[in-house]
Amino acid sequence: MMQPSEKIWMDGTFVNWADANVHVLTHSLHYGLAAFEGIRCYQGKNGSAIFRLPEHVDRLFESAHIAMIRIPYDKKQVTEAIVETVRVNKLEACYIRPLVYIGYGAMGLYPGENPIRVAIAAWRWGAYLGEEALASGIRARVSSFTRHHVNVSMTRGKISGYYVNSILAKREVKADGYDEAIMLDPEGYVAEGTGENVFIVRRGVLKTTPLTSILEGITRNSVIQLARERGIPVAEERFTRDEMYVADEVFVTGTAAELTPVREIDNRRIGAGKPGPITMALQKAFFDVVTGEDPSHQAWLTRV
1 MMQPSEKIWM DGTFVNWADA NVHVLTHSLH YGLAAFEGIR CYQGKNGSAI FRLPEHVDRL
61 FESAHIAMIR IPYDKKQVTE AIVETVRVNK LEACYIRPLV YIGYGAMGLY PGENPIRVAI
121 AAWRWGAYLG EEALASGIRA RVSSFTRHHV NVSMTRGKIS GYYVNSILAK REVKADGYDE
181 AIMLDPEGYV AEGTGENVFI VRRGVLKTTP LTSILEGITR NSVIQLARER GIPVAEERFT
241 RDEMYVADEV FVTGTAAELT PVREIDNRRI GAGKPGPITM ALQKAFFDVV TGEDPSHQAW
301 LTRV
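Quick note on numbering: the sequence shown equals residues 1 to 304 in our numbering.
Hints listed in this document are in silico derivations from the structure and should not be mistaken for laboratory results.
Ideal Cβ positions, reconstructed from N, Cα and C, are used throughout, including at glycine.
Be a bit skeptical, because a hint or two may be false.
[Stated by the list, open to error] Distance condition first, Cα-Cα at most 25 Å in a straight line; then the derived SDA-like pairs of lysine to any residue:
| # | residue 1 | residue 2 |
| --- | --- | --- |
| 1 | 284 | 91 |
| 2 | 90 | 42 |
| 3 | 76 | 157 |
| 4 | 174 | 264 |
| 5 | 170 | 126 |
| 6 | 75 | 216 |
| 7 | 170 | 241 |
| 8 | 284 | 234 |
| 9 | 90 | 38 |
| 10 | 76 | 87 |
| 11 | 274 | 224 |
| 12 | 284 | 127 |
| 13 | 274 | 228 |
| 14 | 7 | 26 |
| 15 | 90 | 304 |
[Stated by the list, open to error] Estimated spans, in silico, between C-beta atoms of each pair:
| # | residue 1 | residue 2 | range |
| --- | --- | --- | --- |
| 16 | 243 | 17 | 39 to 47 Å |
| 17 | 113 | 204 | 52 to 60 Å |
| 18 | 175 | 205 | 30 to 38 Å |
| 19 | 105 | 273 | 48 to 56 Å |
Please build the complete structure, drawing on both the sequences and the hints.
Here's what the structure looks like:
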């Protein structure tokens, strides 16, 4: 269950968590056109810091632009509101959810002059797939649901309605006892998880799906940088589901999932059936950066 915090920022004002309501005829509630972000704040040796906040705010504005939604605040205002939301709620570590949505007004597929609303919430949230998953890895299944075609949903946008596809895939695999779904693109190549980018390690090379039919993950970008700094060869290229089966290591990345190993896919053991050395090295590198143990990427951290 979600752990409520005290306040939510709504259209420039902090309101009590329980009072952060919208009308039942809010346009985005019916048609799914809204833009959002998932951001983490970590508690580290030098206090609390939000991970790659400018990049997340940039992506929020890009998603809104793709959706033809004009945010009624500039990036500086949204950035300051996110930091203040963490401060007001006295959160040392948390998940942050900015949401830009189309409000109450005209109904029907064309929202006309409906107001654009912005909300920012933050709450305590641990490991998305569980602490055991971070340590030992998860079991995944390739979903029967295909990921979006680039000209159906414009996959660079983090748009609320796109995640119906993810919900269906997640429910499907959870019902069969798996932890997460891996989705293929319309041509049958590996795309991403329900909310994560996918990496494989094979013959010493770290591979991940190129930015063609997937969301441009900020954690993905961070892991690629960390890998290259450590001399690990990185290839952004397509790969198939059977290449995942014979990979030495597989892991997924995302703001919620962080860097989670995958130990099994479609009832096939991956590598030794436990997190591999490259996965564990990159996971440690990631957590060292976000907690301030490694000072090499201070620019990625916005102090609260």
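Hints, verified against the model:
1. Taking the CA atoms of residue 284 and residue 91, the gap is near 24 Å; set against the 25 Å cutoff, the hint holds.
2. Restraint check for residue 90 and residue 42: the C-alpha separation of about 13 Å stays at or below 25 Å, so the hint holds.
3. Under the criterion of a C-alpha separation no larger than 25 Å, the hint pairing residue 76 with residue 157 is consistent with the structure, at around 20 Å.
4. Between residue 174 and residue 264, the direct Cα distance comes to roughly 14 Å. Compliance with the 25 Å bound is thereby established for this hinted pair.
5. A C-alpha spacing of about 19 Å is found between residue 170 and residue 126, which places the hinted pair at or below 25 Å, so the restraint holds.
6. Of the supplied pair hints, the one linking residue 75 and residue 216 holds, its CA atoms being roughly 19 Å apart against a limit of 25 Å.
7. The straight-line distance between the Cα atoms of residue 170 and residue 241 is roughly 18 Å, inside the 25 Å bound, and the hint therefore holds.
8. For a cut-off of 25 Å, the pair hint linking residue 284 to residue 234 stands: about 18 Å separates their Cα positions.
9. Annotation: proposed proximity of residue 90 to residue 38 holds, straight-line Cα distance about 19 Å (limit 25 Å).
10. With a CA separation close to 17 Å, the supplied pair residue 76 and residue 87 stays within the 25 Å bound.
11. The straight-line distance between the Cα atoms of residue 274 and residue 224 is roughly 21 Å, inside the 25 Å bound, and the hint therefore holds.
12. Simply put, residue 284 and residue 127 have alpha-carbon atoms about 15 Å apart, close enough for the 25 Å limit, and the pair holds.
13. Distance check on the hinted pair: residue 274 and residue 228 sit about 23 Å apart at the alpha-carbon level, within 25 Å; holds.
14. Distance hint between residue 7 and residue 26 is fulfilled; the C-alpha atoms sit about 21 Å from each other, no more than 25 Å.
15. Restraint check for residue 90 and residue 304: the C-alpha separation of about 10 Å stays at or below 25 Å, so the hint holds.
16. At roughly 45 Å, the beta-carbon separation of residue 243 and residue 17 lies within the given 39 to 47 Å, and the hint holds.
17. In this structure the hint that residue 113 and residue 204 lie 52 to 60 Å apart at CB holds, the actual value being about 56 Å.
18. Taking 30 to 38 Å as the suggested C-beta distance range, the pair residue 175 and residue 205 conforms, at roughly 35 Å.
19. Between residue 105 and residue 273 the beta carbon distance is about 54 Å. The supplied range of 48 to 56 Å therefore holds.
The structure meets every hint from the earlier list without exception.
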